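Chains as they are written, first to last, in the working numbering: chain H, 1 to 185; chain F, 1001 to 1149.
Because the hints were derived from the structure by calculation, they are not lab data. Do not take every clue at face value.
Unchecked claim - List of simulated lysine to aspartate or glutamate pairs, DMTMM-like, C-alpha gap at most 20 Å: (1) Lys104(H) with Asp1088(F); (2) Lys1081(F) with Asp62(H); (3) Lys41(H) with Asp62(H); (4) Lys104(H) with Asp1064(F); (5) Lys41(H) with Asp1088(F); (6) Lys104(H) with Asp1068(F).
As the list claims (entries may be wrong) - Among the chain H residues that face chain F by a calculated CB cut under 10 Å, a handful are: (7) Ala22; (8) Gly24; (9) Gly40; (10) Phe46; (11) Pro54; (12) Arg57; (13) Gly108.
A quick note: this is a predicted structure, and the numbers were derived from the prediction, not measured. All C-beta atoms in this analysis are idealised placements derived from N, C-alpha and C, irrespective of residue type, glycine included.
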Amino acid sequence: MKGRLRFIVPLAVFGLLVVVLAIGIRQSPDKDLIPSPLIGKPAPEFSLPSLTDPSRRVSSEDLHGHWYLFNVWGTWCVSCRAEHEMLLKIKQAGVIPLVGLDWKDDRGDALSFLKDAGNPYQTIAVDRDGSEAIMWGVYGAPETFLVNPQGIVVYKYIGPITQDAWKQQILPRLPPTQSPRGSSS
Amino acid sequence: MSARAVSIFVVTLLAALLLASSTAYAIAPEQMPTPQLEARYLALIQGFRCMQCQDESLADSPVDLAADMRRQIRDMLLAGKTDQQIRDFMVSRYGYFILFKPPFVAKTAWLWLTPGVLLVVGVLVALRVIRQRAALAATDLEDNDPTDA
């Protein structure tokens, strides 16, 4: 009896270890993604100069009443360039407007990049010194926030948006009534 | 080299290491207007994780984002915020992950309690093993048969 217990106990401990490690490994692809505490909370209020027209300001107030995707990018960010084509497709789909945050970028670089590659954004705010990105808890571009008409952050996607992410994560979170043309509430 | 020379050499080396480690910042810390603010600033930035490098504190990290966060903390200190207000702000944007020392809340309870639970389990197991061994030793003596262990 005692001899059997001596065999079973280490085996049980080992089995427990296997379960714990298996869970850890299964979740490890998400390990790099730090969940945002902003989800379910109001998006940060901001009023920042517009990239295309520095005399104009882009403010969160103007965005209230609409669903929008808040996309943090910069021309220095390689993954953002990889994402760009998908952003253009999203613009073409016309389901939800893209609001850009040009993060710690050179204005000339940003404008010439958009001229060459196409501009998927309805409007672009400029975060010259990086303080707005901190308000949104950004730690690496690209990051994309889905904000509802009440100004609540519904979802955050970290990394370049893929076709799958768009179809499986973002689109299902939009109301079915969201017309394919409009961003009207 | 005489033993005395060696010991002088070792002491000097240790002193140099100690001195170096107390001032060795990867980043020159930004100047604060008063020593009190400076001390609070240094303590704060050592308690936050750099979100891009994760094993470094904001005080040690050379990346851009860490510099931006240090500036944010500095601005908040200069605006008269308390340490707790600054910590709450950082947690509200980046989550508990940004704190090197997570607070004791429901979500992190297991983190704080597991070592204690494991210690208790370990002590119980150790006690049991010791008692069994003691009992075995006692029977061995009675049987006077050392091969029976």
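Is the hinted pair Lys104(H) and Asp1064(F) satisfied, with a Cα-Cα distance of at most 20 Å?
Holds. Lys104(H) to Asp1064(F) sits at ~10 Å (cutoff 20 Å).
Is the shortest C-beta separation between Ala22(H) and chain F less than 10 Å?
Constraint on Ala22(H) not satisfied, violated at 18 Å.
Check the hint pairing Lys1081(F) with Asp62(H) against an upper bound of 20 Å on the C-alpha distance.
Given that 20 Å is the threshold and the Cα spacing comes to 30 Å, the pair is violated.
Using Cβ atoms only, decide whether Phe46(H) comes closer than 10 Å to chain F, and label the hint accordingly.
violated (13 Å)
Given the hint that Lys104(H) pairs with Asp1068(F), test it: the Cα-Cα distance must not exceed 20 Å.
Since the Cα atoms of Lys104(H) and Asp1068(F) sit roughly 10 Å apart, the hinted pair holds (cutoff 20 Å).
For the restraint on Arg57(H), tell me whether the closest CB of chain F is nearer than 10 Å.
Cβ of Arg57(H) sits 21 Å from chain F, so the hint is violated.
So, Pro54(H) near chain F? Judge it on the closest CB pair being under 10 Å.
violated (21 Å)
Please check whether Gly108(H) passes as an interface residue: C-beta within 10 Å of a C-beta belonging to chain F.
violated (19 Å)
20 Å limit on alpha-carbon distance, applied to hinted pair Lys41(H) and Asp1088(F)
holds (15 Å)
Starting from Lys41(H), check that the Cα of Asp62(H) is at most 20 Å away, please.
holds (18 Å)
Pairwise hint evaluation, Asp1088(F) against Lys104(H), where the allowed Cα distance is 20 Å at most
violated (25 Å)
Chain F contact restraint for Gly24(H) - C-beta distance below 10 Å:
violated (14 Å)
Of the numbered hints listed earlier, those contradicted by the structure are 1, 2, 7, 8, 9, 10, 11, 12, 13.
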